[in-house]
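Trainee: These are the residues of each chain, in order.
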Amino acid sequence: MNSLAMSSLSIAWALAAAQTLIFIAAAPLLAGWVKRLKCHLQNRAAPTVWQPYRDLAKLMRKDMVLAENASWLFRATPYIVFGATGLAAAAVPLIVVHLPTAAIADLIVLVGFFALARFFTALAALDIGTAFGGMGASREMTVAALAEPAMLMVVFTLSMTAGTTNLSTATETVLQAGVVLRPSFLFALFALAMVAVAECGRIPVDNPATHLELTMLHEAMILEYGGRHLALIEWASQIKLMIYAVLIVDFFFPWGIARDFDAVSLAVGVGAVTAKVMLLAMLLAAWESVLAKMRLFRAPQFLGFAFLLALLGMLTSIVLETGS
Amino acid sequence: MELTSLGLYSQAIIVFAALVLFTSFVMLAQPRIQPLIYTFAWQGLLLAVVTALVALVSNHPHLYISAALTLVLKVGLIPWLLYRLSIRLNMNYETESITHPSMLLLGGAGLVVFSYFIAVPIVHLSGLATRNTIAVSIAVELLGMLIMIARKTAMAQVIGFMSMENGLFFAAVVSTYGMPLIVELGVAFDVMVASIVFGVFFFHLRDSFDSLDVSHLNGLSETDEAMPLPEAAEVEQP
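Chains as they are written, first to last, in my numbering: chain A, 1 to 324; chain B, 1 to 238.
Treat the hints with care, since some could be wrong.
Stated by the list, open to error - Taking CB as the label site, the calculated pair distances span: (1) Y38(B) <-> P149(A): 26 to 34 Å; (2) H60(B) <-> R259(A): 41 to 49 Å; (3) T274(A) <-> L8(B): 28 to 36 Å; (4) A292(A) <-> L8(B): 33 to 41 Å; (5) M103(B) <-> L212(A): 31 to 39 Å; (6) F253(A) <-> M103(B): 30 to 38 Å; (7) I149(B) <-> L152(A): 29 to 37 Å; (8) I149(B) <-> A267(A): 52 to 60 Å; (9) P149(A) <-> I118(B): 46 to 54 Å; (10) A68(B) <-> T48(A): 28 to 36 Å; (11) V180(A) <-> F117(B): 25 to 33 Å; (12) I122(B) <-> M6(A): 54 to 62 Å.
Unchecked claim - Covered, in the sense of this in silico footprint (three residues per stretch, anywhere, with C-beta under 8 Å from a C-beta of chain A), are these stretches of chain B: (13) 3 to 10; (14) 93 to 105; (15) 153 to 163.
None of these hints come from the bench; they were simulated from the model. Built from N, CA and C at the ideal position, the CB exists for glycine as well.
Sequences are here, hints too, so could you generate the full structure?
Mentor: Right, here's the structure in full:
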């Protein structure tokens with residue numbers, strides 16, 4: 001291998017590392033932006049977009065209080081959750097496609113990372129032995145068991161068209177095809193949005209802003225956490241929201257993402273992804289302000305509908321888009 | 001045929017065809033009467049759009065007339081008649097309990113696969129740009145039939161019937177660029193008359209059983225003394 005190829009490879013790795021760091025660092029900003037928009041829409045005084053950073057810094061400084069019967073599992077879980085979510089963030093192309101990290105993990109592995117994080121969160125919730133932990137864990141697993149098939153179905157629908165489950169290659173394929181009206185993508189988009197809403201614990205499946213005993217899903221599991229542990233878990237859930245937003249952007253509106261490593265296209269990539277994710281956050285804020293949280297027992301219907309949409313996407317991609 | 005080899009209008013036809021299929025699925029699992037009627041109207045609108053687009057792509061101006069007819073009848077008149085009926089029968093906020101809605105939807109997905117299977121030979125024979133949507137039109141028909149089978153209220157069954165007719169019309173448009181206009185006019189008139197006849201049927205059903213649940217029709221009045229049918233009939237027909 002000559003030195004030019006070596007240097008371009010090292011540039012690629014440096015870019016991949018930078019992209020992952022930007023991803024992780026920008027996730028609280030997205031959460032702050034959504035919160036601010038929601039406050040404006042609901043006529044409340046809005047905090048600045050930097051508020052999530054302050055919250056995280058405050059939690060980092062605080063002392064932790066651990067329950068007496070907490071095992072190693074409880075202490076290790078925040079790191080596992082943050083690590084898995086951070087790795088998932090590394091696999092998602094944010095600014096530029098064809099980074100070496102994209103080859104590590106495809107979409108199915110991404111779903112696996114989320115499942116790993118969720119599994120350990122549920123275990124940690126059960127570990128303490130409080131009533132809320134068990135309740136939250138059971139609810140979260142119920143929602144996850146329904147959301148995951150829908151998510152995988154979306155992945156399969158997209159890979160039917162793209163011919164791959166690799167995120168970077170799939171994004172590239174969509175970019176190269178130009179403007180094609182695909183019914184399967186339309187269905188997959190809505191299915192993925194619904195799954196994202198359920199997985200990130202947003203309204204109408206879960207309300208991230210409440211700690212009301214009977215309605216919380218995700219919050220019930222992490223009720224016992226404090227200090228640094230809580231900061232890591234909250235940060236991880238903010239990264240997860242960002243991952244889903246970037247996934248939607250990458251698949252369905254990839255225009256503007258950088259395809260080579262020069263400065264101009266990278267700058268365009270940063271600008272494009274920022275604008276698109278901000279727009280998506282506006283939609284999320286509007287959606288959360290318009291809808292009310294539904295009863296827990298209606299969540300299966302919601303996710304069943306998402307599954308149906310993904311299934312329809314799959315069927316239409318076979319029936320309508322291919323063929324002899 | 002690969003989707004990317006088609007023009008943008010042909011792609012739009014395919015997208016709207018997929019949306020027609022989607023409205024059929026929504027109707028299948030929609031337990032409330034009023035949204036059901038709205039969804040039916042949406043299906044008619046999407047069908048009219050598909051017909052107009054096919055007319056545009058294939059240069060068949062008579063399809064514009066079919067599209068206009070669909071717009072007037074299936075988006076305007078029939079949903080309006082059904083809506084008025086639902087208000088007069090005081091059932092516009094009623095919900096019907098659907099047993100196993102997820103199973104019903106999965107069954108619907110199975111029907112789509114089945115119609116794809118039976119449409120494959122036709123698709124091989126046809127040379128039209130819209131030939132891929134034939135399977136979808138058959139699926140819309142079969143889904144209408146599934147609505148009639150699975151739903152219990154008369155209103156949902158009537159909408160299932162109308163949706164079957166939508167599927168037939170859709171099949172005619174995409175597989176042969178429409179039926180002769182005289183046939184289409186006749187069918188449209190038939191459907192309009194049917195919707196009026198169904199209205200009369202609704203009133204009789206409600207007078208006899210106090211509900212629009214057609215499963216009451218299965219009971220024999222002689223075996224079931226609680227049924228108010230014989231007395232009511234005697235009083236009304238001296």
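Trainee: Next step is simple, just say for each hint if it's right about the structure.
Mentor: These are the hints, each one checked on the structure:
no.: 1; hint: Y38(B) <-> P149(A): 26 to 34 Å; verdict: holds (29 Å)
no.: 2; hint: H60(B) <-> R259(A): 41 to 49 Å; verdict: holds (43 Å)
no.: 3; hint: T274(A) <-> L8(B): 28 to 36 Å; verdict: holds (30 Å)
no.: 4; hint: A292(A) <-> L8(B): 33 to 41 Å; verdict: holds (39 Å)
no.: 5; hint: M103(B) <-> L212(A): 31 to 39 Å; verdict: holds (33 Å)
no.: 6; hint: F253(A) <-> M103(B): 30 to 38 Å; verdict: holds (35 Å)
no.: 7; hint: I149(B) <-> L152(A): 29 to 37 Å; verdict: holds (31 Å)
no.: 8; hint: I149(B) <-> A267(A): 52 to 60 Å; verdict: holds (59 Å)
no.: 9; hint: P149(A) <-> I118(B): 46 to 54 Å; verdict: violated (28 Å)
no.: 10; hint: A68(B) <-> T48(A): 28 to 36 Å; verdict: violated (55 Å)
no.: 11; hint: V180(A) <-> F117(B): 25 to 33 Å; verdict: holds (26 Å)
no.: 12; hint: I122(B) <-> M6(A): 54 to 62 Å; verdict: holds (58 Å)
no.: 13; hint: 3 to 10; verdict: holds (count 3)
no.: 14; hint: 93 to 105; verdict: holds (count 3)
no.: 15; hint: 153 to 163; verdict: violated (count 0)
Hints 9, 10 and 15 from the list above are not met by this structure, while the remaining hints are.
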